[in-house]
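Colleague: Spelled out, the chains give:
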Amino acid sequence: MLEAFDKLGIPLHEREKLAGVAVDAVFDSVSVATTFADKLAELGIIFCSFTEAVQNHPDLVRKYLGSVVPYTDNFYSCLNSAVFSDGSFTYIPPGVKCPMELMTYFRINTEGSGQFERTLIIADKNSYVSYLEGCTAPMRKSSQLHAAVVELVALDDSEIKYSTIQNWFPGTKDGQGGVYNFVTKRGRADRSAKISWTQVETGSAITWKYPSVILKGDNSVGEFFSVALANNHQQADTGTKMIHIGKNTKSTIVSKGISAGKGNNTYRGSVQIMPKAENATNHTQCDSLLIGDKCGAHTVPYIEVRNPTARLEHEASTSKVSDDQLFYLMSRGLSEEEAHHMIITGWSRDVIKELPFEFAVEASQLLKVSLEGAVG
Amino acid sequence: MLKVKNLHACVAENKSIKILNGLDLYIRKGEVHVIMGPNGGGKSTLANILMGRPSYEITNGEVEFNGKSILDLAPDARSHLGMFLAFQYPVEVPGVRPWQFLKASLDAKAEANREKKISVREFTKIFNQKVEEVGINSNLIKRSLNEGFSGGEKKRNEILQLQIINPLLAIMDETDSGLDIDALRIISDGINSMRSNQRSFLIVTHYQRLLNYVKPDFVHILVGGMIVDSGGPDLALKIENSGYKDYIK
Ligand SMILES: Nc1ncnc2c1ncn2[C@@H]1O[C@H](COP(=O)(O)OP(=O)(O)OP(=O)(O)O)[C@@H](O)[C@H]1O
Ligand SMILES: [Mg+2]
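Those protein sequence lines, which keep their order, are chains G and Y. Heads up: the first sequence begins at 1 in this note's numbering, then just goes up one per residue. Heads up: the second sequence begins at 1 in this note's numbering, then just goes up one per residue.
If you are wondering where the hints come from, they were derived from the structure by calculation, not from laboratory data. A virtual CB, placed ideally from N, CA and C, is assigned to each residue, including glycine. A couple of the hints might just be wrong.
Lysine-lysine pairs mimicking DSS-like chemistry, simulated, CA-CA at most 25 Å apart [as the list claims (entries may be wrong)]:
1) Y:K117 - G:K320
2) Y:K154 - G:K368
3) Y:K215 - Y:K142
Some residues of chain Y that are not near chain G, with every Cβ distance over 10 Å (derived) [claimed, not checked]:
4) C10
5) T59
6) I227
7) D246
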């Protein structure tokens, strides 16, 4: 399995650490292998490809598939619902804390193909799971479409932590090819449940992606931590929706957008407080970092409050890597490139620290590689 | 160790602002030099130019470090040669931990000089020991580099870096300003313990009180971008009493 990763050149740093992570690999929307399934089965955890889930656990699939993202939701979710061939399925039984990170590696291999995988994660009452998703695609001249749907169901008192490192092929330096990453991700949090999305988005020519949480149950919590990078001709349009329905619901949004080259980064987010959501709170922080003078950063926050007890805070900032910071770090012996990298990962720290450790190292490396040529 | 000959420099973006106007300075191995002078005289500019800040342009003159011209070298290359600048106003770098920063600094230097990198364990030991010596609150060290540090804490952090990086030439720009009396003593002790016949210091200060602790070999007066007078420690005492009026035309 790990050898297969090697051959495919999947750039996972410290790959050996993966030995302690359960992995499912989905190439061209076909699940090729799942590790540690037996060990997880002892705890009643189901971690398998979607095809297997349909065959072996039809009741669960029938009950929850489409319950958070219906096929009528939007054009791309409809397309996905019509054509998806495989994906990843996870079920954590009541009271079980999943003892290892579950990970799915998605890859588009075939030229001229798209990927339409489907992910469904159900955390039953009082359970916990941390799930990682990594994406890569080799260089192709023509553009490719990735239209996935991810649904999370967090039942009462459970917690789902969902982390993504998205490194689909971003296109060439002059904007040829690259993946169109149009993904629908949404979770439902029941009473006292928590859903946390963390994403590091460095790839894709165009990204439209808004991992959201429906805070349905009282005291439920939604979080969104994001670093999105747009270099060369990339466009990253990403953000979240926090829909507060239950009482005392709480959401946190930390979005960091890095723009370089001719890249454009947009934070697009919506916070909705429904009439019955007494004492809902939201804190939103949107920071933009500009590298060079041909890139753009945009912030489009929507706020809709229909209950007067709500408390919302919004902070935003735009900055540049300052010459003073660069000189300071370089005077201590760091090269210009290293200095840039340190300043940028430091600036992204609030998000990167939310990632599981192995992923945090990889994320920092990815930021570095993705910015090569943009600095120095 | 350091030779500055007839140095002329202006602001790179606005060449009409000439700051250094024919400055000479000669520092041998093991010497401690002090530069004093009125505000705006060009002390910080000199310190920054020696370290290679790109916002200044050298229009004339030469700077040699250990016999080699360094004017074409970037700041990191100067650091690898053994130069160090303790900043008058250290900048804040959000999200970067002092530990991580200093380890990266030592690693970069080792790599440039083809030496072996220090292990994490050994580095951590030295780091913790120096943090305690310099009297930095251990909570501070968990925060981002200089972010939210008080003026004095920033200065102590510069001394921490000086002690860990262990340069051959330490340029210290008003490191003693804004320090409480305990910190002043810590810094002086730090400098004195680092003094050796291989290491030199260029200390910019406004206060003679530092010189009660650190005995310099030379004191220079910098006015209008030139060294207008040089002497021994007595010169600092004289300035303390009569100011710079004799030097300002
Ligand atoms: N980047 C710059 N752009 C414009 N003017 C500058 C720049 N750097 C320095 N100067 C000017 O050059 C002069 C010398 O400044 P410098 O900071 O070197 O003085 P200093 O001797 O260190 O003063 P102080 O004792 O107040 O620290 C000042 O008049 C300052 O305003
Ligand atoms: Mg100064």
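Colleague: Each hint should be assessed against the structure and marked as holding or not.
Modeller: Hint by hint, here is what the structure shows:
no., hint, in the structure
1, Y:K117 - G:K320, "violated (32 Å)"
2, Y:K154 - G:K368, "violated (28 Å)"
3, Y:K215 - Y:K142, "violated (35 Å)"
4, C10, "holds (17 Å)"
5, T59, "holds (20 Å)"
6, I227, "holds (23 Å)"
7, D246, "holds (35 Å)"
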